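Chain order of the listed sequences is A and B.
Per UniProt numbering, residue 1 is the first one in the first sequence, and the count goes up by one each step.
Per UniProt numbering, residue 1 is the first one in the second sequence, and the count goes up by one each step.
Calculated directly from the structure, the hints in this document are not laboratory data.
Since this is a predicted model, take the numbers as computed values, not measurements.
All C-beta atoms, glycine included, are put in the ideal place defined by N, C-alpha and C.
Keep in mind that a hint or two might mislead.
[What the hints assert, rightly or not] Below, simulated DSSO-like cross-link-like pairs (lysine-lysine); rule was C-alpha separation at most 30 Å, straight line:
1. A:LYS194 - B:LYS164
2. A:LYS307 - B:LYS270
3. A:LYS311 - B:LYS307
4. A:LYS194 - B:LYS236
5. B:LYS307 - A:LYS270
6. A:LYS194 - B:LYS235
7. B:LYS2 - A:LYS194
8. B:LYS35 - A:LYS194
[Stated by the list, open to error] Computed footprint of chain B on chain A, listed as stretches where at least three residues anywhere in the stretch have a Cβ under 8 Å from a Cβ of chain B:
9. 135-148
10. 185-197
11. 209-219
There are 2 protein chains.
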Amino acid sequence: MKEAVLEILRHHRGTFISGQELSERLGITRTAVWKHIKTLQQEGYRIEAQPRRGYCLQEVPDFLYPEELRAGLSTSCIGRNIVHYHEVGSTNTVAKQLAERGEREGTVVIAEKQTEGRGRLGRRWESPYGKGIWLSIILRPRVATDAAPSITLLAAVAVAKAIKNFCGLEALIKWPNDILVRGKKVCGILTEMKADMDVVEYVVVGIGLNANLEVQDFPEEIRDKATSLRILLNKKISRVNLVRKLFGEFESLYNLFREHGFSPIRSMWKEMNTTLGQQVQVNTLTSVYSGLAVDITEDGGLVVETKEGTKVFYGGEVSLRKHLN
Amino acid sequence: MKEAVLEILRHHRGTFISGQELSERLGITRTAVWKHIKTLQQEGYRIEAQPRRGYCLQEVPDFLYPEELRAGLSTSCIGRNIVHYHEVGSTNTVAKQLAERGEREGTVVIAEKQTEGRGRLGRRWESPYGKGIWLSIILRPRVATDAAPSITLLAAVAVAKAIKNFCGLEALIKWPNDILVRGKKVCGILTEMKADMDVVEYVVVGIGLNANLEVQDFPEEIRDKATSLRILLNKKISRVNLVRKLFGEFESLYNLFREHGFSPIRSMWKEMNTTLGQQVQVNTLTSVYSGLAVDITEDGGLVVETKEGTKVFYGGEVSLRKHLN
């Protein structure tokens with residue numbers, strides 16, 4: 001009901017609508033209307049209330065509220081159900097817990113701040129309040145376990161396309177799924193899954209996108225490697241609009257993947273990548289390999305021509321040689 | 001302490017030991033001794049109690065009790081910690097819950113009966129009371145996600161070796177990990193895992209071994225495809241001794257895997273397999289392929305030469321053409 005009140009206020013944004021009209025249109029008492037207004041104000045909506053004129057929405061807060069994201073969202077699955085936190089340990093951890101309890105595909109966990117944001121290989125991911133896009137998407141693809149790496153690459157393509165189309169920046173993908181703009185990282189993706197030998201039970205795709213972070217929001221030691229859209233564009237962006245865009249791109253690609261498999265995604269990934277054709281170093285859990293990155297396989301592995309022959313990697317850390325310290 | 005009482009009784013099996021001696025050796029009261037004896041009797045141990053002579057262990061119950069399995073167990077990791085149930089939904093489900101809560105590697109969940117025993121591809125697995133070996137092993141290998149299929153094949157080799165060495169039967173492996181004796185299935189394995197893009201968090205290996213089932217324990221429709229060690233040998237086997245043997249074989253192979261990777265396991269698997277060199281049909285989630293099974297890859301995939309070219313499978317259902325209905 002709160003969402004319905006907001007919906008009407010949004011329609012009349014900048015003009016007043018009376019409590020009487022709201023109460024009639026929604027079939028609730030004027031006291032109930034007033035309570036919802038109160039809640040919205042506490043959530044950060046600036047709503048002016050005047051005795052005879054009623055209520056007027058003047059400013060929506062800069063938060064990734066489900067009501068904000070859903071207004072004008074074009075998807076039918078991704079982001080139709082959103083769980084929002086002002087602060088959370090890690091959105092991936094919460095999403096996995098929800099997935100364990102049977103939460104449906106497309107559900108998104110989103111937070112203004114993560115206190116224990118994680119990147120790949122157990123690394124910390126800085127997630128300051130209200131500045132980034134920290135979210136996790138629950139997927140339940142009916143695919144075999146070895147198709148899971150494809151989903152990771154799919155997520156990278158979705159983010160790169162969203163950045164490209166929304167910000168006009170050239171976003172490139174470093175295998176498997178770091179998103180770089182002008183050689184610096186603006187987004188990391190952490191995919192986690194549960195599976196048996198034959199089929200994936202669920203995948204959680206965690207996306208950490210540096211939207212409105214400023215230079216001082218980054219720890220000093222990563223300032224030469226990481227950046228944000230705000231820094232790149234030299235202006236604040238609308239996180240709400242970017243997330244909506246991201247959900248749209250993600251859903252399109254995911255539908256494509258379900259219908260036609262990884263092959264079309266692979267082509268897009270290759271078009272947007274900055275890894276193939278480069279000398280790379282791959283750190284796996286057990287060894288370090290160097291060589292020329294030549295291709296990705298039909299199931300998303302990175303093909304590297306090393307001195308010991310051609311090798312395929314599905315995980316591990318890849319450094320582009322030109323960026324090696 | 002109950003286990004210590006049992007230990008002493010076991011040492012004096014068939015002869016009497018006084019309550020006084022037990023109480024002195026264990027430093028507990030005679031009443032405490034008597035209570036432990038009572039508990040053991042309730043668990044199915046046949047212990048005779050005579051007023052002046054004391055206690056005499058006459059028969060141990062035919063259950064897979066931790067105390068029984070651990071007595072004389074040679075492993076240092078697999079099966080050192082055992083959780084036993086008389087009845088449970090599914091040992092894999094319980095093991096996964098324990099793994100989620102951080103339970104250590106090598107812990108085994110074992111049940112006399114499963115009410116919701118599951119095989120691969122969501123199929124029901126018949127698990128009647130006290131007749132089979134229904135257990136799940138928690139592993140935390142420090143390996144990349146794509147190494148997980150290797151663990152599945154490792155488990156198959158362990159079971160096949162245990163059957164061979166304990167029963168003297170020629171056990172063969174059908175890819176990936178069904179164990180057949182004389183063309184009929186005696187064991188199925190269901191591996192489940194949780195992982196992120198780079199590393200496995202845990203693997204649960206579920207083993208369903210038809211030890212002492214009789215013909216009437218199998219549903220009629222699978223009697224031509226499934227059998228038990230008891231039927232094959234025409235005598236009851238000691239499940240406790242077989243499980244101990246299995247833990248030993250499993251641990252040896254797992255140590256080998258940790259030190260030398262999948263390569264030595266792969267050689268053993270190939271020696272004991274009944275799939276390579278056969279015409280096979282592979283049902284994946286999306287398609288059906290036919291062809292000649294020619295090899296397994298370095299990461300455990302099945303290589304099949306099909307009309308559409310050489311394909312590698314990591315899951316799916318394989319039928320040997322000669323067994324096709």
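A quick look at each hint next to the structure:
1. A:LYS194 - B:LYS164: violated, 33 Å
2. A:LYS307 - B:LYS270: Roughly 28 Å separates the two Cα atoms, so the pair holds.
3. A:LYS311 - B:LYS307: holds, 26 Å
4. A:LYS194 - B:LYS236: Violated - the C-alpha atoms of LYS236 (chain B) and LYS194 (chain A) are around 38 Å apart, more than 30 Å.
5. B:LYS307 - A:LYS270: Holds, because 28 Å separates the two Cα atoms, which is no more than 30 Å.
6. A:LYS194 - B:LYS235: violated, 41 Å
7. B:LYS2 - A:LYS194: violated, 39 Å
8. B:LYS35 - A:LYS194: Violated, at roughly 45 Å.
9. 135-148: Since three or more residues must qualify, the claim that chain B covers the region 135-148 of chain A holds, with 6 doing so at under 8 Å.
10. 185-197: holds (count 8)
11. 209-219: violated (count 0)
In summary, the numbered hints that this structure violates are 1, 4, 6, 7, 8 and 11.
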